[in-house]
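Enquirer: Sequence:
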Amino acid sequence: MTDIVVDACCLINLVASGNILPTSTEMGKKSKKASFPGTLHVPEIVANEALYILQPDSDDPSALIKTPIDLSASREQRLLLDCNIEGIEESSLFVQLAVRLDDGEAASLAIAKNRSWTLATDDRVAATLAAELSVVVLNTPELVKLWADHVGANARQIHKTIHSIQTNAKFVPRQESREAEWWQRHSQRK
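Converting from the sequence shown to the working numbering requires adding 857 to each position, the first position being numbered 1.
Below, simulated DSSO-like cross-link-like pairs (lysine-lysine); rule was C-alpha separation at most 30 angstroms, straight line:
#1 Lys1027 / Lys1002
#2 Lys1002 / Lys1017
#3 Lys923 / Lys1027
#4 Lys1002 / Lys923
#5 Lys923 / Lys1017
#6 Lys1027 / Lys1017
Restraint-style ranges between C-beta atoms, simulated for each label pair:
#7 Glu946 / Pro918: 44 to 52 angstroms
#8 Ser892 / Ser929: 17 to 25 angstroms
#9 Asp917 / Asp1006: 33 to 41 angstroms
#10 Val956 / Gln1045: 35 to 43 angstroms
#11 Val1029 / Glu989: 23 to 31 angstroms
#12 His1020 / Gln934: 22 to 30 angstroms
#13 Thr896 / Gln1041: 23 to 31 angstroms
#14 Gln1045 / Ile945: 48 to 56 angstroms
#15 Glu1033 / Ser919: 31 to 39 angstroms
Note that these hints are calculated values from the structure, not bench results. Since the model is a prediction, treat every value here as computed from it, not as a measurement. All residues carry an ideal CB built from backbone N, CA and C; glycine is no exception.
With these hints in hand, go ahead and build the complete structure from the sequences.
Expert: As structure tokens, this is what we get:
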């Protein structure tokens, strides 16, 4: 099983999906445990950066309002494990990386490098630095495709998941992103 440390942009997208990482409000709606083909880890600093997703307003479903992200259901189901900077090597690398990245991305990359984990990020600079450090990187489209393949999601479920991310997190991958073509193809299906 692969260990993946997520930065804030990917964490927000996974929560916004409505399927991959459940929120506390969704817990009662799900009869089966959500699933992901790997162990997702989140540094505290990243969890603190991932503040909200957009959700339909209960008074006006055509309007979107900021809704605080609650990771407790994902943590309770052990779909998301907490991790933090540990030791001198991770701390030193974090400080070096924080010169070029925000603190959450720097923490995630330092942890990924020192623990031989995969980094989940959509940030170009973080991905470039990760490549320089020989850290494997996954982006949001790759994470969604991994999830879809793992759970055997059908085209409708994939479309709904992508639509939720695009609507609730305002995320659309860059055309040159890995799996962007797969994402685009599934985002157009209904």
